Amino acid sequence: MNAPTLPTRSNPMQTFLWLLKREYWEQRGGFFRAPLIAGGVMVAILLLSMIVAETTAVRHGINIGNLNLDRISTSMTHEQIATFNSGLNAGLMGMSIPIMATQFFVVFFYLLGALYDDRRDRSVLFWKSLPISDLDTVLSKAVSATLMAPTLAIAALIAMHIAVLILLSVYAGIHGVNPLPLLWNPAPLLSMWIKLVCLIPVNALWALPTIGWLLLCSAFARSKPFLWAVAVPLGLGTIFAFTDLLRQLSIPSSWYWKNIVGRILFGIVPGGWLGVGGNGTLRAITGGNGNDIELDKFDIVNSVLSWGHIFDALGSPELWLGAAAGIGFIAAAVYFRRKRTEAYS
Amino acid sequence: MNEASASSPQIVRARGLTRRYGTTVALDHVDLDIAAGRIVGLIGPNGAGKTTALKAILGLSEYDGELSVLGLDPRTQRSELMQQVCFIADVAVLPRWLRVGEAIDFVAGVHPRFSRERCLAFLARTKLQPKQRVRELSKGMIVQLHLALVMAIDAKLLVLDEPTLGLDILYRKEFYQNLLNDYFDEQKTILVTTHQVEEIEHILTDLIFIRNGKLIVNASMDEIGERYTEVMVGPDKIEAARALAPLNERQIFGKSIFLFDGVPQARLAELGELHKPSIADLFVATMKGTYA
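Chains as they are written, first to last, in numbering that gives the first Met the number 0: chain A, 0 to 344; chain B, 0 to 291.
One should not assume that every hint holds.
Computed spacing ranges between beta-carbons, pair by pair [what the hints assert, rightly or not]: (1) K20/A x G261/B: 57 to 65 Å; (2) R27/A x D221/B: 16 to 24 Å; (3) R19/B x K223/A: 26 to 34 Å; (4) D120/A x G46/B: 18 to 26 Å; (5) N180/B x G234/A: 55 to 63 Å; (6) A107/B x I80/A: 54 to 62 Å; (7) L19/A x K275/B: 52 to 60 Å.
Far from chain A, some chain B residues (derived; all Cβ distances over 12 Å) [to be verified]: (8) Q9; (9) D27; (10) N45; (11) D63; (12) R77; (13) H110; (14) H145; (15) A154; (16) L169; (17) F183; (18) M231; (19) E238; (20) K254; (21) D280; (22) A284; (23) K287.
No wet-lab data here; the hints were simulated from the structure.
Please read all numbers here as calculations on a predicted model, not as lab measurements.
No residue lacks a Cβ here, since even glycine has one placed at the ideal position from N, Cα and C.
Chain A with its partners taken away, still in its complex shape:
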């Protein structure tokens, strides 16, 4: 119009990328450093136990040097090596649990604070003085929780796997074992890592109800969003238990705790969808019902996280109903983001 030299509209895509960058700047510690530290602790524990093992062996005069361990590894059959690799991958995944647990806590509290902390310190007025829509703001937080945080956690997890393999290789090398054929078998490692990356969007879909609910509490609460997020579902559950309401509708109360409370508070646990659809893996394992699941001993990790199970979960109504509820929560969060400018107004 009257200032033709200046662009008068912002570029929506560019704005959204800057919003994501903003989240990263603020959350670097939780999104980037925390999973790295968790992985680092696991590597340190491994290193320490190796040192302890070595010193103990030396102190007690145990000498296995005369035995050529390398010959054992070279005489292993293909099948034995595959089994070993499979166990190794399962071990690596086991060592990754602290990283995933860290990611859960980081994302949980990130979401609770995402639309609340800036209202408490009034910096919301600075963000609102810029040409950014409330929808974009809320979506940038949802995308950070569903894609950014898990991607950085998976990167930390893969870095930890590599560090562990290097440590094991050095250890094996000290004992005269050639680590290459045993530890650095690319196919199972790569397929596990690719699977983990592919699972990010599946986890994200499954996590939508939790992400939406926590964002809604964060946008809605005038104080103590944590209390709102936890007390509302717990309180409802208690009321249901006392009034027998659910039983009259012939809904078992375990259904409420698993499908409502579990989904809106713990949906961001990576792989939470494992028990859903078809022969739910988790149900099969924890129920001790070994018939329902065939664990491939040559590929334990990939048989737990098999494409079959993933498609079972993707085809289940639980996942899509939850996702729809999550989108509803997010829409409500956008509404309250617009309404509430100050925590205590």
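Given the coordinates of chain A, work out where chain B should sit on it, guided by the hints.
Chain B alone, transformed into the frame defined by chain A:
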């Protein structure tokens, strides 16, 4: 619509603007027109409705009545509005974790009217470093950063709500000096509220007094100068002065100073020496009994 707003230089137009909090009426059917190129001071005692009015204009709160800012509806067209409107809501609202350099990068990224060069030129005159976080800065430095960000945006309307609250006098002076010398021009409009009226007196072009949600004075500084006169009256003419229904009367050095509203200056000149009243004196006189 754009053509309309370009031809009529109306920046803010409000008719019957009302805002209730429960039973309290914070804004009571306010009519307000602000033209382009003005610096408007919105002055009122605590709880008079200043911040409520600004929040409505910025689309930060609900309201009843008609309101258009730059031809846009602040409630439904907020993000369009924020491309042309800027505000500093209060001191120290910048997020504490943000670094100076990140703040510049972010605003440059999302604001189409932001000029990085202008911002850096302004920051070069301060001690601010790109790596510093807001939480490491003093109150005055945070305001310098905020002002540098805002002044680098070529906005049509700048809204300042108590921008210098809690700052020492050096920062306060510098703030208004920068605003006037480096930012303001006839294309821009500034709406400012503050309790330190005497500090903005000389930069205002328009003055609005607000009390209990109503505008009780709304005039240009020229009109104010014509309308309100202070007279220093000797003891012999006090009765004559009181007969002209003064707005206020106070004593200094044994002389009485009367404030008149709308009495012809020729008439007042007979009573004694004429002065232009300060905004602070005018404010005190018009707000008498506010807290009673």
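Now the hints, each set against the structure:
no. : hint                        : in the structure
1   : K20/A x G261/B: 57 to 65 Å  : 58 Å, holds
2   : R27/A x D221/B: 16 to 24 Å  : 54 Å, violated
3   : R19/B x K223/A: 26 to 34 Å  : 28 Å, holds
4   : D120/A x G46/B: 18 to 26 Å  : 23 Å, holds
5   : N180/B x G234/A: 55 to 63 Å : 59 Å, holds
6   : A107/B x I80/A: 54 to 62 Å  : 56 Å, holds
7   : L19/A x K275/B: 52 to 60 Å  : 55 Å, holds
8   : Q9                          : 14 Å, holds
9   : D27                         : 20 Å, holds
10  : N45                         : 16 Å, holds
11  : D63                         : 16 Å, holds
12  : R77                         : 7 Å, violated
13  : H110                        : 6 Å, violated
14  : H145                        : 8 Å, violated
15  : A154                        : 10 Å, violated
16  : L169                        : 24 Å, holds
17  : F183                        : 17 Å, holds
18  : M231                        : 45 Å, holds
19  : E238                        : 52 Å, holds
20  : K254                        : 47 Å, holds
21  : D280                        : 33 Å, holds
22  : A284                        : 33 Å, holds
23  : K287                        : 31 Å, holds
In this structure, the earlier hints numbered 2, 12, 13, 14, 15 are contradicted, and the remaining ones agree with it.
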